[in-house]
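Undergrad: Each chain, letter by letter, is given below.
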Amino acid sequence: MAEEVKLLKTWSSPFGLRAFWILKLKGVQFDFIDEDLSNKSPLLLQSNPVYKKVPVLIHNGKPISESLVILEYVDETWKQNPLLPEDPYERARARFWAKFGDDKVLASIWNAFIKQGKEQEEAIGLAIETLKFLEEELKGKRFFGGEKIGLPDLALGWLANLIGVFEEVIGVKLIEKERFPLLSAWMQEFAEAPVIKESWPPHEKLVTKFRAMREPYVAAAAQPK
Amino acid sequence: MAKSDVKVLGFSPSPFVMRARIALKIKSVEYEFLEENLGSKSELLLKSNPVHKKIPVLIHNDKPVCESLIIVEYVDEAWSSSGPSILPSDPYDRAVARFWAAYVDEKWFSALRDIGSANGAEAKKAAIEQLIEVLVLLEDAFVKCSKGKAFFGGNQIGFLDIAFGSYLGWLRVTEKMNEVKLLDEVKTPGLFKWAERFCADAAVKDVMPETDKLAELKASAPPSS
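Chains as they are written, first to last, in full-length UniProt numbering: chain A, 1 to 225; chain B, 1 to 225.
Since the hints were derived computationally from the structure, they do not count as laboratory data. Owing to the predicted nature of the structure, the values given are computational and were not obtained by experimental measurement. All C-beta atoms, glycine included, are put in the ideal place defined by N, C-alpha and C. Incorrect hints may have been included.
[Claimed, not checked] 27 Å max Cα-Cα, derived DSS-like pairs, lysine-lysine:
1. Lys104(A) with Lys107(B)
2. Lys144(B) with Lys53(A)
3. Lys132(A) with Lys53(B)
4. Lys79(A) with Lys148(A)
5. Lys99(A) with Lys209(A)
6. Lys125(B) with Lys107(B)
7. Lys27(B) with Lys99(A)
8. Lys53(B) with Lys141(A)
9. Lys173(A) with Lys99(A)
10. Lys205(A) with Lys173(A)
11. Lys62(A) with Lys144(B)
12. Lys63(B) with Lys148(A)
13. Lys107(B) with Lys62(A)
14. Lys24(A) with Lys148(A)
15. Lys52(A) with Lys144(B)
16. Lys147(B) with Lys107(B)
17. Lys47(B) with Lys132(A)
18. Lys139(A) with Lys63(B)
19. Lys41(B) with Lys25(B)
20. Lys107(B) with Lys144(B)
21. Lys99(A) with Lys107(B)
22. Lys115(A) with Lys107(B)
23. Lys54(B) with Lys141(A)
24. Lys205(B) with Lys25(B)
25. Lys218(B) with Lys54(B)
26. Lys63(B) with Lys104(A)
27. Lys193(B) with Lys27(B)
[Said to hold, decoys possible] Taking CB as the label site, the calculated pair distances span:
28. Val180(B) with Pro85(A): 44 to 50 Å
29. Gly116(B) with Pro194(A): 47 to 53 Å
30. Val195(A) with Asp206(B): 48 to 54 Å
31. Tyr51(A) with Val51(B): 48 to 54 Å
32. Pro194(A) with Glu43(B): 43 to 49 Å
33. Ala215(B) with Glu176(A): 46 to 52 Å
34. Pro82(A) with Ser81(B): 42 to 48 Å
[Unchecked claim] Footprint (simulated), chain B over chain A, 3 or more residues, beta carbon under 8 Å:
35. 56 to 65
36. 71 to 84
37. 89 to 100
Put together the whole structure using the sequences plus the hints.
TA: The following block contains the structure:
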């Protein structure tokens, strides 16, 4: 049976990029469509009716949504180059850090990005506290997955390029090399890894996009109260 | 394996703790349950879950596993040769189960909580309508996943049954305290009957807290882990 693998994503979404990475790392043949979220395709709406979001993986006509669910599905379906270890305890840890990345790291950094003034200071403080857990977890490891890239690396990989974008837009360094030596080294190593390094969306285009996304928050904060 | 090799740090009314306990019961794993006082967390809890300091935590041979759904997957994998499988065997079915479990924790949980925290009749009405929309989606998911059988997981309780069913105690409390029927024989017939079967199941009934006891607790404070 001819295998049909299609990935719906956008040019900039870090969640879509995760799915893109795992398919590439596994050597899976696939097509991808970069959606325009202001004009979602019928295929997207039909494939993810619950959230109407990217990414969606469509495998032989069957859709899978939610990026972490997609990562596990791909890992289980294409067994070469496994992203999760065999040991149940290590698997639980990998899943824990992937979830921590989305629930806490992403949320805290986004807050640091959109908030202004005193609120931003507090948000930055909170983001740094969250990042310290990642720094701690990297002790003695090259990647979150150990010697090679694993599930948590793909889940946290957005840090490697988007942190630089956010820092440029807000004019504040969030991950300083002195404070986060291991995390900084990991970001660099991940960014330059085979397959990963060819996939990054253009930096300037991301800066423009996120600067524009931040505008309404800046404007709202500037309103007289 | 000695009972003391497996510990669960928890708080009986918590739906998240229930998940861990149901999974262990399905696998016939003996464990020591350590009831935490959430106002004064134990040293063991703080040491075992330093990142979140939350329950449930499963400690297996001194190694801690955190996050309720991650614990359920861990139990399924660590005791794979004991009892029925908790997750489906087919990767696509697993992806569907994980998708809906994530939906439950994101959309269902917040909709249920919003009813409790709604201020005034209008807000409450809107919150209830929102929850019913979520339930209608879950009813559809039930029909698709169960394929005519008793549970989301088929003939036996599975991952999604545990993820959603663990909230039934709080659902009943919300119904009672707001004098509203949320699970309805007419609107959500599949889920209505499923709920009865779930609560009566051998793996569930000893760990499902009584509605009255939960109502007392809810009157004093919202559920938190």
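Undergrad: Would you list, in rising numerical order, the hints stated earlier that this structure does not obey?
TA: 31, 34
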